[in-house]
Every structure is written in structure tokens, then in C-alpha cells.
Amino acid sequence: METILVVFNGLINGAFYALLSLGLAVIFGMLRVVNFMHGALYMLGAFGAFLLGTVFGVSFWWALIVSPIAVAIVGFVLERTLLRRLYDLDVLYNLLLTFGLTLFIQDAMRLRFGIQGVPYPAPPELHGVVAVGFMLFPTYRFFVLVFSVMICLGVWWLLEHTRIGMVIRASTENATLTRALGVDVDRWIPLVFAFGVALAGLAGVLAAPMYAVSPLMGGDLIITTFAIVVIGGMGSILGSVVTAFGVGALSALASVYYPAAANLLVFVIMAVVLLLRPAGLFGTAEGG
Amino acid sequence: MTQRLLGWTALAALALALPWIMYPVLATDIVTWGLFAAAFDILLGYTGLLSFGQAAYFGGGAYAAGLLAQRAGVPFPLNALAAGVIAGAMALPLMGLAIRRRGIYFAMITLAFAEMVFYVTNEWRSLTGGENGVQGIPRVAPGGLSLASPVVYYYTALPLAVLGLLLCWRIVRSPLGRVLLAVRENEVRTEMLGYPVTRYKLIAAVLSCAISGFAGGLWVINHGFVALDAVHWSTSGLVLTMVLLGGIGTRLGPLAGAALVLYLRDFLSTWTDAWGVVTGVIFVAVILIFRRGIVGTLEPLIVRGPRAGRAPAEPTLSPQGDPELSS
Amino acid sequence: MIKWAALLCAALLVLGIAGYPAAGQGTVRLTHGKLVLAVINDQSGVYADISGKWGVDAVRMAVEDFQKKYPGAIPGAIDVLSADHQNKPDVGASKAAEFYDRDNADMVIDVPTSSVGIAIAHVAAQKHRLFFAVGAATTALSNEDCNKYTFHYGYDTYMLANGTAIAVVKQGSTQWYIVYPNYAFGQDMNAKFSAAVQHAGGKVLLSDPTPFPNPTEDFSTFLIKARTLRPRLQVLGAMQAGQDLVNLIKQYNEFGLRQQGVKLAIGLLFLSDINSLTPAAIQGTVFTTAWYWNMDKDTRAWADRFYARTKIRPTFPDAGDYDGAWQYLEAVRRAGTDDSDKVVAQLEGYKFNDFFARHALIRKQDHVLVHDAYLAEVKAPNDVKEPYDFAKIDTTIPAAQAFQPLSEVHCNMAP
Chain A
1 METILVVFNG LINGAFYALL SLGLAVIFGM LRVVNFMHGA LYMLGAFGAF
51 LLGTVFGVSF WWALIVSPIA VAIVGFVLER TLLRRLYDLD VLYNLLLTFG
101 LTLFIQDAMR LRFGIQGVPY PAPPELHGVV AVGFMLFPTY RFFVLVFSVM
151 ICLGVWWLLE HTRIGMVIRA STENATLTRA LGVDVDRWIP LVFAFGVALA
201 GLAGVLAAPM YAVSPLMGGD LIITTFAIVV IGGMGSILGS VVTAFGVGAL
251 SALASVYYPA AANLLVFVIM AVVLLLRPAG LFGTAEGG
Chain B
1001 MTQRLLGWTA LAALALALPW IMYPVLATDI VTWGLFAAAF DILLGYTGLL
1051 SFGQAAYFGG GAYAAGLLAQ RAGVPFPLNA LAAGVIAGAM ALPLMGLAIR
1101 RRGIYFAMIT LAFAEMVFYV TNEWRSLTGG ENGVQGIPRV APGGLSLASP
1151 VVYYYTALPL AVLGLLLCWR IVRSPLGRVL LAVRENEVRT EMLGYPVTRY
1201 KLIAAVLSCA ISGFAGGLWV INHGFVALDA VHWSTSGLVL TMVLLGGIGT
1251 RLGPLAGAAL VLYLRDFLST WTDAWGVVTG VIFVAVILIF RRGIVGTLEP
1301 LIVRGPRAGR APAEPTLSPQ GDPELSS
Chain C
2001 MIKWAALLCA ALLVLGIAGY PAAGQGTVRL THGKLVLAVI NDQSGVYADI
2051 SGKWGVDAVR MAVEDFQKKY PGAIPGAIDV LSADHQNKPD VGASKAAEFY
2101 DRDNADMVID VPTSSVGIAI AHVAAQKHRL FFAVGAATTA LSNEDCNKYT
2151 FHYGYDTYML ANGTAIAVVK QGSTQWYIVY PNYAFGQDMN AKFSAAVQHA
2201 GGKVLLSDPT PFPNPTEDFS TFLIKARTLR PRLQVLGAMQ AGQDLVNLIK
2251 QYNEFGLRQQ GVKLAIGLLF LSDINSLTPA AIQGTVFTTA WYWNMDKDTR
2301 AWADRFYART KIRPTFPDAG DYDGAWQYLE AVRRAGTDDS DKVVAQLEGY
2351 KFNDFFARHA LIRKQDHVLV HDAYLAEVKA PNDVKEPYDF AKIDTTIPAA
2401 QAFQPLSEVH CNMAP
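Residue numbers (our numbering), protein chains in the order written: chain A, 1 to 288; chain B, 1001 to 1327; chain C, 2001 to 2415.
Isolated chain A, as found in the complex (with noise of 0.2 Å):
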């Protein structure tokens, strides 16, 4: 009981994981970029959902839908403004550029918000616990887990049946030969890293009832979630998926077992994956 209970808890941050890697796995598929600023957005998605509360007095359920739509504009004229502008050069570029601009908007969060944060509850219709076994577990968590994985099946639906998603999916194997074959992949650019962040914002507001806001939380979430896209497979979707979800539920078991190496632990899967099989466990793509 206990141990299902632990895994099932370990897949709500798995929730979140999967929601990141997600969106850090399309824009990479596009822009063979790792955006580095995926954490500070995830983090403006929360205070979207905070500022949302108190000075509009808008409702959870809208913030649900609308912060997520702001962080993707902020996205998108991020992008049309200054990431353009390297694609030119070496990817690694654009990897320093959102390094950048994470500084500058976790610092000046900070400037405005101070460092420890501001509260945000969770919405009145989820308040509470449900009893599970001997444990009362948080109705919140069960309705994040939910959702998720309900945006989860609907990302990947889009990627499965619309032209976008096809797009996306045969750029990500492979840009060249998606441009060679008369696609203007680069059309969609802005717009796939709006959708990727816009997953990041709504990410944090799901976070947002559970953790504290604050300008520093995600700071430290870019290195693991990039791991698991790299575990899942570089080209697959559903990869970034099932071991954002697979990652939770591990480091939640060795968190009991073996909590020092909780934090260790999605690396050794990683290197091990990668001496075995370098694509990744999803990937099909071959690498070197």
C-alpha cells in the first residue's frame, strides 16, 4: 500500500516533468535549441496565475487558460526579437541567450517580488483530502495528475493528425530533409516555441497551489527535464512523456529507499541509456 501510494505520488511530479520535457522537447525538435529560460517560464506561468488572482480577481480555472496564453506571447516575441537573430550561428549561441534572459527574469521578478515568494491557493473545488488507505492525500494531486496527462494525450493527438504536428514531428527527426522536401519549416518556428513555453506556463500554474512562487522555483528543473528528453529519445514525443512519468515514480521509490541518491538517480539512468542505446530508449534516430 505504501509503496503504491509513494509511486503514485512520484507521478505527479512526473506530471510536471512530463508537461516540461514536453514542451523542451519540441523546441529543441524545431530549433535544435535547449532553451534554458524553460524554468523562468514555468516560474512567470505561476506568478501569471498569482497576478491573475489578485489584481484581476480571475478565478484558477481561468488562469489555467490564460497565463499560459501570456507566457506564450511573451514566448513568441522573445523568440521574433532576439533568438531569430542567431539562428545563423552556432546553436550553442542561443543556449547562452537564454541563459541570459533567465538571469534577467529571475532577477527582476525578484526586484518586484522579493525572493521568498507570495502564496497562492488552490481552487475552493479542490480543497481538501480524499482518504487513501491509511493516508489522506490532497485532492489538488489527484486533479493535476489527471489533467496532465489529459494535455499529455491531447499534444499528442495534435502531433498525430494535424499538419503542424507533422511538421514538428518530421523536423525533429530531421530539419534538413523536412526544408529539402518543401516545407517552410521556418513559418512555424515561433509559433511551436510559443506552444512549447505556453506548456511551461501552464505547468507552473498547476504548480502554483502546491509550491511556493517564487522567482527562484524552477531554477534547478532545466537540467533534470532536458535529461529526460535525452533519456526518452531526442525524436520521440511520446518518449519525453513516459519518462518524464517513469522518472517520477523511481525517484519517489529511491527517495524511500535511498533518499541521498533520489537526485543522482535520473543521471545514471541517463548514462547508462546513452552507452546502451544511444538514441535514447524511444528514439529512433541513429546516433554516434
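Keep in mind that the hints are not guaranteed to be accurate.
[As the list claims (entries may be wrong)] No more than 25 Å apart at the CA atoms, straight line, and that leaves these computed lysine to aspartate or glutamate pairs for DMTMM-like: (1) Lys2053(C) - Asp1229(B); (2) Lys2203(C) - Glu2(A); (3) Lys2263(C) - Asp186(A).
[Stated by the list, open to error] Listing some non-contacts, in silico: residues in chain C with all C-beta distances to chain B over 12 Å: (4) Val2091; (5) Ala2184; (6) Ser2207; (7) Gly2261; (8) Ala2360; (9) Leu2361; (10) Arg2363; (11) Gln2365; (12) Glu2386.
I should point out that these hints are in silico values taken from the structure, not numbers from a laboratory. All C-beta atoms, glycine included, are put in the ideal place defined by N, C-alpha and C.
Chain A is fixed; fit chains B and C onto it per the hints.
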């Protein structure tokens, strides 16, 4: 020719005057981090391998030199040299595994190994002091020479760092370096020409890591302590930042990048509490204005001639390592 | 206007307890023509709300008050410098060395984050200048890393563990589960708390390190684990600091552990933490503190003056920064020189009583400021009558019992 000579003389004069321009501890930091960045660029700029785990070798070297000085009384600069050897020995198996992968996969394996080093350093408290680090490392020199003064230490460390830099530059201009450049441009073609590419890459990686460890040794004796952040991934990120800002695959770029980043960090610590905003804006501005890094952009403008324009590095993050090959 | 004058008088009276009547003029010899105090702390990172730039304000305030009380006692300017160590030990330590060397700083003060604090203690020893560690909690500063020029001023992990653990066990909660962040501070707190709990007759069923760094900011696995422990758990001991603590407590409430009879004991709680969590989230929680701003009218008077300046209520490190600077200036005045060795001689064994430190003694053997500590309790939201008045003091832990006994101290002052 005269222009080049003039340039090098000015640079040497600057290096000698540095501890009088800024606080000598900071000056030594710039020189040691500059060496670390130059060693890192052997991999990034000349071999096309992005390692995101160099903190393990720089930090590992720092811990090694610090512990040797503190526990075994090994004098400077022997402890720093030993740190280089130890970092190289660490790199042999780890890089041996990592170079079996290319591009982003190589970057992520090196990151994974560095995270393991971080974890072990944090857990092995009896040796490393955990997060508090190894503190109170003495600056012992052979023959009872006193290195206590930061200025004296700067002038002691400078020639050693310069030797390290010369070694880096020698490596990239040696026959080995030529092959590495060929690997960067087209690995398969180089292999087909009969070069043992994997062995060359391993040699480059081990040398780079050994020099990084040596730089870590020089750095730790400068501060007299080393704490856990030296092996954190942000240290790997910092050295990458330096090379990118300075210019990938340029001789002076890593030095310029190290000077910019460290001076900025030091200056801002007393000037404002909004260092993140200022640093972020400066990073973004430098990338947008200079594009190929400060030296990478300015050098071709100042130094005209056949040696001036080096080909920029290929995208190193592509999963295949070489985008042309994958299509 | 009159109100401010009255407050100022009150404050000066309070401070007067500590000092002598106004001194003669210009008796102090200054090596470099002025006194320089340098504040080094975290002004932009996780600990920025604990002292940060407010700590700098507190030190400036101490200097101004000192100049008002003893006009002309220091024949020269008293400068206050400050630096943000950005939580990077090398930045902090080299800034300290630069302040000592270049700016002729006579003392460095504050420095949260243990690794930075210890590094600066070594710099101070090497430069033969003073260092007042206020923000750092580690007992290493007064044990293995102690030295002649370093003073640990305010609180440490021993004080925190000893106060809270014994009080909670005495309240009848004996079965503990400790979760601590897996870095030096947390490991130290775990060791100290476990010892104190056992000493008081309680039992630590289990203690677990939580990930460091903790990218997910999630602690719920440990909360689930807490419920599975047998015999039945009574107290969850949380040793986290800053953001981690806020998240852990948020999740403790989310999972309803309080309703299930698991109390919360917090290792280190700052006023800024309670503000961020809101008192409702942790009402009734017992914690040990070195000082509280609304403890009595003396602390209140000082806090009001601080508020007039900064528009916030002070944390105990803010007050400690003020008081450390003040006692340093007093010691310089008594010594008649800014010569470090003579100032150290004035500080060692010095007994005083002021708005911050009661029944205070600067212990000669390990340079710990020994003073009364307090067991405080977070008020229920309805009892919070004004902003930031979140706690009430339950008991005073007498100075003699609050800190590490000399028999347990391992400090070798000899260089």
C-alpha cells in the same frame, strides 16, 4: 609582423600590470579561469565536442590540490601539477566512455558523470567536508618561500598559467590539433583517411581535462578553500559562458571571456544587488552585438591576413554531431 | 516629531545600559585615519530576505547611533561598505580579502551561508582583522574553524536544536522523524537535533536527507513515509531553510498531517519565513530564536526605529548585525585604538546587556556570544494584532544553557 609583435607585447604588459589594476586575488582568478576556459576550448572549439561536465575536472583538481596541501603538506606548485595528473586520470575512463557518443549525447554523458562527482563529493564528508568544503588550505612553497601575499602569488601562478596556455595553443597547432580540426569538420571522412579518430579524441579530452585540473589547482591555492559549488554544473556552465562570450576557437577568446565574466561578477557584488538583471542584459547584448564572441568578432577586423578568419565551429548540439551526415 | 524624539531617547537609554557615560573626545587612535565596517551577505539569492540589504541598513544605523551617542569619540569617519556574495564562496571570500587589504576594513560582519562564513573566518585569521559571523549558523565557526579574530555573534545550530528539541519533547512529543536538506547546514542540524532529542528522553525513529539541490521542490514522498513509521510518529522535524522550508510546510498542510496528529518542529525559522507562509499555515509551531522584535519595549523601540528607516520589521540577523557593529565600536572606544589585537582583548570576556543580547558574555574560549535565547510560538491568525507580529515568546532559555557548553567545545585559538 610588427603589428603582431606589438599586440603580444601589449598583452604581456597587461598580464604583468593586472594585479595593480584590480585586486590581485581577482587577477589570479582571471588567469586561472582563463586557462581553464582555454583547455575547455580544445574540446569545444577545435574538436567540436561540447562537454557539459568540466566542473568535475576543474573542481576535482581543486579538491585534489587542496587536500594534498592541507593533509600531506605537498608544496606549491607540486600540488597543482598533481591535480592535473589526477584530473587526467579521472578523465581517462570517463571520457573514454563519453567519446563513444557525439553531439548532444556526449554533452549529456559528461554532465551525468559530473553530477556523479558532485554527489560523491557531497556525500564523502570525511574527505571533502561536504558542502562546507575543504577550508584553510595552506599556501606552502618549497624552500620556505612565502606566498602569503596575493601579489606574490599572482606572479608565481602567472608563468605556470602561461605555460599551460602555451601547451593548449601548442596542442591545437600540432599535427594532433590538425586532425582534431578535421574531426570537427567531418569525422567520418577523417576516419576514412585512416586516422584513429577515437584515440585522437580521447587524447584531446584527457589533455583538456588534465589542464583543467591544473587550473583548478592554481585556483584553489589562490583562495585557500574549495567548496561544493566548484563541482556543481553551474561551474561547467560558467566556463562555457566564458568561451562563448570570448569566442569559440580563438586563442584569446577564453581569456577575454574569463576576464569579462569574473570582473563583472566582482564589480557587481559591491555595486548593485540586481546583479542578475545587469549580467543577463550584458550577456544578451554581447551575444547580439558580437555574435561570434568578443575576440571571434574583433580579431578578423583588427588582424588582417591569412591567419585571421578561422572557420566558426559547426553546430555541436546536433544529435548526430554532424548535420550533413545525417541527411 | 516629538514621537520620534521620544523613541530616539528611549532607544538611547536602552543602549545606555550597555555602555559607559559619554566618553571624552578623540581618544581613539586610528591606523588609517578612519574606521571601516564591511557587510558581506546575500542580497540577491535565497537568503536575501533574511538580512540582505536590510542588514547593511542595520549596520549603518548602528554607526549613526554610535556617533550620536559619542560625538567625536572616533576621530575620523566611520565608513560602511557592503557586498553581495551571491552565495558564491569564492566571491565572498575574495571580497572580504579585498575589503581588508584595499579598503582597510577593520571588520567584516554578517555573512550567511556556512561555507562562505567559514572561508571568511580563515581570511580574517590570515589578515589579522575582525570578523563577526551573524548570519551563518554552523558551530564550526566556534569549533574546528575558530580563530582569534572571528566571533560568532547571535545564534548557531546547537542553540536552535537544543532549545526546540528539548521543549518539544517536554511537551510530550517523543517520537521524531527528522528530514534535513542534504548539505552542511542540514547535516549539522540533523546531528544536533538527534542528540538533543535523545538527551531529552525522546526518540528519533528515522532521519532522512532530502535532495539538494531539489529541482522538483517536492517533499511529499517524505510526508507519506512519515505516516508509515511505527511506532506512531508524533513530530516531524523540518531542518530546511528558505524556499525549501516554505515548500515543505505548504505540503505538510496540504497532506493534512497536522490533523492526523503529526506535529511540526522547525529547526530555523525567520520572521520573513512566517511572513511568506502566513501564520495560519504554521500556527502553534514552536521554534527557537535569538531575538524577537516585539519581545518587550526595548526591542520594540529599536524595531520601530528600524521600521522608520526600512519600512519592514527586523529579523533577528538584522538586529544581530546592528548589535555586532555596535559592540565592535564600543570595544574600539574602550580599547582606544582600532588595533585588532587590542580590540579582541576588549571583546573577550566582555559582559553586557542590551536590546539584542541579554545576560550576554563574549566567551573568551571560543568567541561565541552567549546570551539568552527564546522559545517562541507562532500566533494564531486571530492573535496577530499588527503586521509582522507573528510570534510570542513562551520561555527564555537562560544564556548559560542556551549555547554549547565549554566542555563540548573544541576550539584552538592559537594561530
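Do the hints match the structure? See the list:
Distance hint between Lys2053(C) and Asp1229(B) is fulfilled; the C-alpha atoms sit about 24 Å from each other, no more than 25 Å. Restraint check for Lys2203(C) and Glu2(A): the C-alpha separation of about 23 Å stays at or below 25 Å, so the hint holds. A hinted pair counts as satisfied when its Cα atoms are at most 25 Å apart, and Lys2263(C) with Asp186(A) does not qualify at roughly 57 Å. A cut-off of 12 Å between C-beta atoms contradicts the statement that Val2091(C) is not in contact with chain B; the least separation is 6 Å.
Non-interface status of Ala2184(C) relative to chain B is broken: a Cβ of that chain comes within 12 Å, the nearest being about 4 Å off. With a cut of 12 Å on Cβ distances, Ser2207(C) stays outside the contact zone with chain B, its closest approach being about 15 Å. Every CB of chain B lies more than 12 Å from the CB of Gly2261(C), the least distance being 34 Å, so the non-interface label holds. Non-interface status of Ala2360(C) relative to chain B is upheld: no Cβ of that chain comes within 12 Å, the nearest being about 27 Å off.
Residue-level check passed: Leu2361(C) sits 27 Å from the nearest beta carbon of chain B, beyond 12 Å. A cut-off of 12 Å between C-beta atoms confirms that Arg2363(C) is not in contact with chain B; the least separation is 22 Å. With a minimum CB-CB distance of about 20 Å to chain B, Gln2365(C) clears the 12 Å threshold, and the non-interface call stands. No Cβ of chain B approaches the Cβ of Glu2386(C) within 12 Å, the least distance being about 28 Å, so the stated non-interface status holds.
Hints 3, 4, 5, counting from the list given before, are not met by this structure.
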